[in-house]
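Peer 1: 31 is the number of the first residue of the sequence shown in the numbering used here; add one for each residue after it.
Warning: the hint list may mix true and false statements.
Stated by the list, open to error - Quick list of the computed label-pair ranges, beta carbon to beta carbon:
| # | residue 1 | residue 2 | range |
| --- | --- | --- | --- |
| 1 | Val48 | Gln101 | 36 to 46 Å |
| 2 | Arg70 | Gly112 | 37 to 47 Å |
| 3 | Asp61 | Ala104 | 40 to 50 Å |
| 4 | Phe120 | Ala39 | 38 to 48 Å |
| 5 | Val35 | Leu123 | 17 to 27 Å |
| 6 | Gly64 | Pro100 | 18 to 28 Å |
| 7 | Val94 | Ala38 | 17 to 27 Å |
| 8 | Ser66 | Phe120 | 36 to 46 Å |
| 9 | Ser103 | Gly64 | 17 to 27 Å |
| 10 | Ala104 | Ala126 | 27 to 37 Å |
Honestly, the hints are just simulated from the structure, not real lab data. Glycine included, C-beta positions come from ideal geometry on N, C-alpha and C.
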Amino acid sequence: MMKVVPNAAARVARLPVVRSACASLSVLYRDAKGSSPGLRSLCEALEGGVIAVSSAACSRASPVIVQLEPQISAANDIACKGLDWLETSFPVLLEAPVEVSSIKECCVSAERVKYDGF
């Protein structure tokens, strides 16, 4: 049985605040791209360029990545330990942004009441 190694980048990508930000940016990009035919053409051309460049970069970087695997693994371990600490120290990172926002509003309202003397 193969041991599953945690991936720091995947863990960051699964954080609710990161997922929410990516979803918002995706909607913003889709709406902007659909706003005019000229912008759509430009975006599609740029997307094609990014795909081509990233594909070429991956194929050329593979030998280097294989050679640097021990260093990459060590950096991943350190990043995972840092994420463990962050998630323990700041559990709000694991909450959905909507929940964090509602908690913040509740706290702000409570402080106003306390400050105003009501």
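Peer 1: For each hint, tell me whether it holds in the structure or not.
Peer 2: Verification of the hints:
no., hint, verdict
1, Val48 - Gln101: 36 to 46 Å, "25 Å, violated"
2, Arg70 - Gly112: 37 to 47 Å, "40 Å, holds"
3, Asp61 - Ala104: 40 to 50 Å, "42 Å, holds"
4, Phe120 - Ala39: 38 to 48 Å, "19 Å, violated"
5, Val35 - Leu123: 17 to 27 Å, "22 Å, holds"
6, Gly64 - Pro100: 18 to 28 Å, "46 Å, violated"
7, Val94 - Ala38: 17 to 27 Å, "19 Å, holds"
8, Ser66 - Phe120: 36 to 46 Å, "41 Å, holds"
9, Ser103 - Gly64: 17 to 27 Å, "42 Å, violated"
10, Ala104 - Ala126: 27 to 37 Å, "33 Å, holds"
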